[in-house]
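Visitor: In the order they appear, the protein sequences are chains A and B.
Sequential numbering from 1 applies to the first sequence in the UniProt record's numbering.
Sequential numbering from 1 applies to the second sequence in the UniProt record's numbering.
Because the hints were derived from the structure by calculation, they are not lab data.
Be aware that a few hints might be false.
[As the list claims (entries may be wrong)] Here chain A is said to cover these stretches of chain B; the calculated rule only asks that three of the stretch's residues, wherever they fall, bring their Cβ under 8 Å from a Cβ of chain A:
1. 50 to 60
2. 96 to 105
3. 189 to 196
[Claimed, not checked] Facing chain A, a subset of chain B residues (Cβ under 7 Å, in silico):
4. Ala73
5. Ala85
6. His89
[What the hints assert, rightly or not] With a straight-line Cα cutoff of 27 Å, these simulated DSSO-like cross-link-like pairs (lysine-lysine) come out:
7. Lys148(B) / Lys217(A)
8. Lys299(B) / Lys250(B)
9. Lys148(B) / Lys129(B)
10. Lys299(B) / Lys338(B)
11. Lys129(B) / Lys217(A)
12. Lys248(A) / Lys263(A)
The C-beta atom is built at its ideal place from N, Cα and C for all residues, glycine as well.
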Amino acid sequence: MREIAVSGPLPADQTTARQAAIRAARREERVAWQLAAPAIVLIIVLILLPTLAVFVFSLTNYELGYDDFQFVGLDNYIELFGDRTFLISLKNTAVYTAIVTPFSVFIGLGVALLIESETRGRAFFRTVYFLPVASLLVAMATVFQYLLHPTIGPVNAMLSMLGIAGPNWLGSSSTVLISLAIIGIWQSVGFNMVLFLAGLTAIPRELYAAAEVDGAKGSWERFRLVTWPMLGPTTLFVTTISVINAVKVFETVKTLTEGGPNKSSEVLLWTIYQEGFVYLRVGYASAMTVIFLAFLIVLMLVQYRVLDRRVHYT
Amino acid sequence: MSAFALRNISKSYGTNSILNDVSIEAEAGEFIALVGPSGCGKSTLLRIAAGLDHGDAGSIWMGDREITAEHPADRNVAMVFQSYALYPHLTAEQNIAVPLAMRNLSTLQRMPFLGRFMAGRSTTQAAIKQQVLATATSLKIDHLLDRKPGQMSGGQRQRVALARALVRQPGVFLMDEPLSNLDANLRVHTRAEIVDLHRRTGVPTIYVTHDQSEALSMADRVAVMMGGRVLQFAPPAEIYDNPRHIEVAKFVGSPRINIINATTSDDGAVFFGGKAVVNGVTGPVGTLVQLGIRPERIKLKPHGAKGIAATVSRLEFLGSEVLVTTEVDGVEDGLVVKAAPVDVVHLSAGAPVTLVIDKDACLVFGQDGLRVPLRAPAKVSVDA
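Full structure from sequences and hints, please.
Guide: Following this line, the structure appears as structure tokens:
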């Protein structure tokens, strides 16, 4: 721009300037592509190609170990929706998510508010609540297996002291999903708490001062007037992450119940794992994976479309 | 009885003393400015006045009612914050309505869904809407009521913040540097508007600022604070012409007052440039004093005239006036003179000039910074 501006009114000069500007623009574009190329290549190789491969597999009858496979069109998908196991696992995953998400979000928020208002021991509580996130769920599963054991487990021992006959937590089809959900909440509260703590520190202190002067006397009123609305973007993000994590539940199912008893803890990832790695039906498992991905993408789109406009104010 | 008073307020964090026995009171309808450099404790004092912070000692009075221990919500104070502190998720109308809703609606009536079915809510709500509209109209922001703070300019947000403070007829207005986030033009304009608003409402106002020109131009009385103390609390003209402390003299006025180190001679006279510029300084001969002379109280004369010989080192053209910085023997930083542009057309850096100090222009300060009283001159002055 500057070259054009300082060059004189002569037409010849202007063409030189114009050419220089075009050359500079081209050079900049070339550099931009060069700088972006590694990221673009990685995205294609690591994310887009595997996803595409899964989609292609889902249209075949490929089974691991066989050399040959045919394209079968949408047969896998048609089979899916007549498959009782898949439908049960869809339902179970939905129930599990519906329990884990609200509890882990609101308990996470509650813990974050308590830690934020406490001046002493803040680092201690933060670390303690974050421990389940950092710990290995597979290793912790043995602890839960012991805790929830119907005869020797401390949970039922305590219940029997109160005169309540404890259920077979992980062994009965009526309680197994709830037991897994409790473990899921236990694991994700700490993570949500950390996100909420970050959100809380970003709220300007002056808003609380204004709320007090404006007549918000109680902490509940200040929460309603300032904290809750200001945490909107954080809550949206935490909810999205919690839903995705809940839908991806697998470790506890694999280590504690293996989908049982009687398929009552059969969840999506477990079903995919069974089909793909136990029965080696890669094509069929891929179709499930595509459904699973579509489910997550739709969920995220809905959340962002519906909530995004209501929680971002600037 | 004053309408609002802070009496003997002290506050310290650990060993760090923030406020030291500060007393400020505002009469009914009075506009008070708290001015001082950053860190002087003026914002802390305002927070204590609002009830957002508590002093270690002292009391706060609204008329004859002591409110020292009261919650901010019960004090009936209104505050305008530097960052405006508008609720970003609410529209301007909802923002302005918050103080009224908090007071006039019960907790149940304010519940998100249940509230709609509570008795008396719609009547109160209509009254609130009316009041909000009236306040917004008086501040000329009625066309912005549907907008959220994120969709408004700084000046518009500032007005919404003012409206929110104004809407419920508070007992006192507290303003914490409300203009410092505005650009220079808008600041001068809004300054006048706030003064107008104050005059219309008659609500006593305590206005915190670090800008001495803002304090002098807006307030009925100015409290100059330094290091947690009020050095002087007086009307603007008094602060400017008759500062009680050298820090007040230095802080107030732009360009800054000229300070000259000197010693007293016989009979309390202080000589500068071969002439006694002050007479009647109390204390023994040879006392070290500091003379303060406002730049507009020094006259520029042609070279060779009777007075103090100086050399021009810098000229700053400001439109209606010119600041002339001069080098003078015995004065480390030189003397700044405020002159009319016509008087300096022939001058350039390096030119020799003569300075003449106005009669009675020198303010004398002791080594402790306090004003040194002068013995009444031989001839009886009018204001004695």
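Visitor: Against the 27 Å threshold, does the CA-CA distance of lysine 248(A) and lysine 263(A) hold or violate the hint?
Guide: Holds, because 17 Å separates the two Cα atoms, which is no more than 27 Å.
Visitor: Does alanine 73(B) hold up as a contact with chain A if the rule is Cβ-Cβ below 7 Å?
Guide: 4 Å, holds
Visitor: For a C-alpha distance cap of 27 Å, please report whether lysine 129(B) and lysine 217(A) respect it.
Guide: Cα-Cα ~22 Å, so holds.
Visitor: Does alanine 85(B) pass the interface hint, meaning its C-beta sits closer than 7 Å to a C-beta of chain A?
Guide: Holds, because the Cβ-Cβ distance from alanine 85(B) to chain A comes to roughly 4 Å (cut-off 7 Å).
Visitor: Check whether the Cα positions of lysine 299(B) and lysine 338(B) lie no farther apart than 27 Å.
Guide: Between lysine 299(B) and lysine 338(B) the Cα gap is close to 8 Å, so the pair holds against 27 Å.
Visitor: Given the hinted pair lysine 299(B) and lysine 250(B), is their Cα-Cα distance within 27 Å?
Guide: Answer holds: lysine 299(B) to lysine 250(B) is near 20 Å, not above 27 Å.
Visitor: Check whether three or more residues of the stretch 96 to 105 of chain B sit with their beta carbon closer than 8 Å to a beta carbon of chain A.
Guide: holds (count 4)
Visitor: With a Cβ-Cβ cutoff of 8 Å, does the stretch 189 to 196 of chain B contain at least three residues near chain A?
Guide: Coverage by chain A is violated here, the residue count being 0 at a Cβ distance below 8 Å.
Visitor: Are 3 or more residues of the stretch 50 to 60 of chain B near chain A, judged by a Cβ distance of less than 8 Å?
Guide: With 3 residues in contact (Cβ-Cβ under 8 Å with chain A), the coverage given for the stretch 50 to 60 of chain B holds.
Visitor: Check whether the Cα positions of lysine 148(B) and lysine 129(B) lie no farther apart than 27 Å.
Guide: 17 Å, holds
Visitor: So if I understand the rule, the pair passes when the alpha-carbon distance is 27 Å or less; does lysine 148(B) with lysine 217(A) pass?
Guide: 24 Å, holds
Visitor: Histidine 89(B) was flagged as interface toward chain A. Is the shortest Cβ-Cβ separation under 7 Å?
Guide: Hint holds; histidine 89(B) Cβ to chain A Cβ min 4 Å, cut 7 Å.
When held up to the earlier numbered hints, the structure conflicts with hint 3 and nothing else.
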